[in-house]
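J.: Each chain is listed here by its residues.
There are 2 protein chains.
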Amino acid sequence: MKPKISIITLGVTNFPRSFDFYSKGLGFIPHNYKTGDVYALFEMDGSWFSIFPIDMMSEDAGIKRTVSPSPSFTLAHNVSSEAMVDEVFGQGLKAGAKLIKTPQKAAWGGYSGYFADPDGYLWEVAYNPFTDLT
Amino acid sequence: MKPKISIITLGVTNFPRSFDFYSKGLGFIPHNYKTGDVYALFEMDGSWFSIFPIDMMSEDAGIKRTVSPSPSFTLAHNVSSEAMVDEVFGQGLKAGAKLIKTPQKAAWGGYSGYFADPDGYLWEVAYNPFTDLT
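From first to last, the protein sequence lines stand for chains E and X. Counting along the first sequence from 1, when you hit position 133 you're at 132 in numbering that gives the first Met the number 0, and nothing is skipped either side. Counting along the second sequence from 1, when you hit position 114 you're at 113 in numbering that gives the first Met the number 0, and nothing is skipped either side.
Any given hint could turn out to be false.
Where chains are identical, the list cannot tell them apart; a pair therefore holds if satisfied intra-copy or between any two copies.
List of simulated lysine to aspartate or glutamate pairs, EDC-like, C-alpha gap at most 20 Å [to be verified]: (1) Lys23 x Glu42; (2) Lys1 x Asp44; (3) Lys93 x Asp19; (4) Lys3 x Asp44.
By construction, these hints were calculated from the structure, which means they are not laboratory data.
All chains, full assembly: derive it from the sequences and hints.
T.: See the structure below:
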């Protein structure tokens, strides 16, 4: 198995709301999206990102899925300075994200904050002075 | 905001078990990992991948997090043929993954199966004849 995640797909409860958040709010570019589609794949640097109604995700894997109020994973968006963390974080809030943790010095030596998307999925915006994944 | 996910981090309930699953079982390569570390970052093509004890994730964001028995997101690993889906899927099961859906023709025109990691996180192994994300 090649070490690669091709796509990260989030199950969402209100597709139009999430589509607007990611496309208009954060500026992600949909790939081959047509109005009325209920699956959106966003072209990204690195692994691609997609959203899909959670009920349809359940059907596809054949198991029940629900959005947990206590998300157990994080999507990190790394940038190259503390000032850029603040800038991107502000863009997230302006797009309607919920503030979870204001950007600040982190115990691990970097600088980061968290916001949540419309379903509560967590994004960490981070500056990591040790490993450049921007 | 640049369209990029730098790292996908999963909160895990038994770190050594998950570390073995991803490093020994699936063959992912840890980055600067030292024995005893309780955070592992894996070098990947595309977005990197990491695991972190869920209790420590909760502290970092300042909100409670729990692993849901009904995972609301999927990590897809795409390969270039149906035969490769079967091969990689077999590797996952051999690594101790739980079988969720045997690889089969999918409604969207591809071929895919699902297995779950030790915490129940879902990996889809897929062949997509329309969009090459391998």
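J.: Now look at each hint and say whether the structure bears it out.
T.: Checked hints:
1. When the C-alpha separation of Lys23 and Glu42 is checked against a cutoff of 20 Å, the pair qualifies only within one copy, where the shortest distance is 14 Å, while the shortest distance between copies is 31 Å.
2. Taking CA atoms no more than 20 Å apart as the test, Lys1 paired with Asp44 passes in both settings, with 18 Å inside one copy and 8 Å between copies.
3. Taking the closest pair of Cα atoms, Lys93 and Asp19 come within 20 Å of each other only inside a single copy of the chain (13 Å); across copies the shortest separation is 41 Å, beyond that limit.
4. For the identical chains of this complex, Lys3 and Asp44 are neighbours both inside a copy (13 Å) and across copies (5 Å), given an alpha-carbon limit of 20 Å.
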